[in-house]
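Enquirer: Sequence:
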Amino acid sequence: LKALPVFGKVMYMAAHPDDENTRLISYLSNHELVETAYFSLTRGDGGQNLIGNEKGAALGILRTQELIEARKIDGGIQFFSNAVDFGYTRSEKETLTKWDEEKVLDDAIAILRTFKPDVIILRFPPDSRAGHGHHTASASIALKAAELAKDPSYVSKVNPELEAWHV
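Going by the working numbering, the first residue of the sequence shown is number -1, and it counts up by one from there.
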């Protein structure tokens, strides 16, 4: 069965490298045999580090490498946007301002149009239940991107040649 072409694609989307559900990614990739990707909007550069002294960009590099290595083990594909993890905030509005919502939204649209998932799984809801602004914003970006990615009138600034994604 593993030699047969894979027909299903799933994209798991969240705000930070430590938001991924590795068990789910592994299950989908290895048991259900669907092409599975994790799209982390940030690289975790604004997070905390309890086991090392890396902070800021150095921490983002470390967490980026951790995700790349994790995907080698669980069989998933890794994507990132250009959103900068600037630390904790409860405000989705602040997050989208500091992330440059238009730029991150365009990153997400380009990734969706490239990967063309059949299913998108959001780690967080687009409301206060998400816990903080980055989590809420990641869900809002994902929902907006899913709509715009299939709109043929939307031209991606990241890659203008990408055609609309039809689910």
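Any given hint might turn out to be false.
[Claimed, not checked] Cut-off 20 Å, straight-line C-alpha distance, at most; resulting in silico cross-link-like pairs (EDC-like, lysine to aspartate or glutamate):
| # | residue 1 | residue 2 |
| --- | --- | --- |
| 1 | 148 | 125 |
| 2 | 101 | 33 |
| 3 | 91 | 116 |
| 4 | 155 | 145 |
| 5 | 7 | 30 |
| 6 | 114 | 159 |
| 7 | 91 | 149 |
| 8 | 142 | 161 |
| 9 | 101 | 149 |
| 10 | 142 | 72 |
| 11 | 155 | 100 |
| 12 | 114 | 149 |
| 13 | 96 | 125 |
| 14 | 53 | 16 |
| 15 | 114 | 16 |
| 16 | 114 | 161 |
| 17 | 101 | 145 |
| 18 | 53 | 100 |
| 19 | 70 | 100 |
| 20 | 155 | 98 |
| 21 | 7 | 125 |
| 22 | 142 | 92 |
Since the hints were made in silico from the structure, they are not lab data. If you're wondering where the values come from, they're calculated on a predicted model, not measured in any experiment.
Enquirer: Indicate, hint by hint, whether the structure satisfies it.
Expert: Outcome of the hint check:
1. 148 to 125: violated (24 Å)
2. 101 to 33: Given that 20 Å is the threshold and the Cα spacing comes to 26 Å, the pair is violated.
3. 91 to 116: With a Cα-Cα distance of about 29 Å, the restraint between residue 91 and residue 116 is violated, given a limit of 20 Å.
4. 155 to 145: Holds, at about 16 Å.
5. 7 to 30: holds (10 Å)
6. 114 to 159: Given that 20 Å is the threshold and the Cα spacing comes to 15 Å, the pair holds.
7. 91 to 149: violated (25 Å)
8. 142 to 161: holds (17 Å)
9. 101 to 149: The hint holds at about 17 Å.
10. 142 to 72: Violated, at roughly 28 Å.
11. 155 to 100: With Cα atoms ~10 Å apart, residue 155 and residue 100 stay inside 20 Å; holds.
12. 114 to 149: holds (13 Å)
13. 96 to 125: Cα-Cα ~18 Å, so holds.
14. 53 to 16: holds (15 Å)
15. 114 to 16: Roughly 24 Å between the alpha carbons, so the hint for residue 114 and residue 16 is violated.
16. 114 to 161: The given pair, whose Cα atoms are some 11 Å apart, holds under the 20 Å limit.
17. 101 to 145: holds (16 Å)
18. 53 to 100: violated (27 Å)
19. 70 to 100: violated (31 Å)
20. 155 to 98: Judged against 20 Å, a Cα distance of about 14 Å means the pair holds.
21. 7 to 125: violated (26 Å)
22. 142 to 92: Since the Cα atoms of residue 142 and residue 92 sit roughly 17 Å apart, the hinted pair holds (cutoff 20 Å).
The structure is inconsistent with the numbered hints 1, 2, 3, 7, 10, 15, 18, 19, 21, although it conforms to all the rest.
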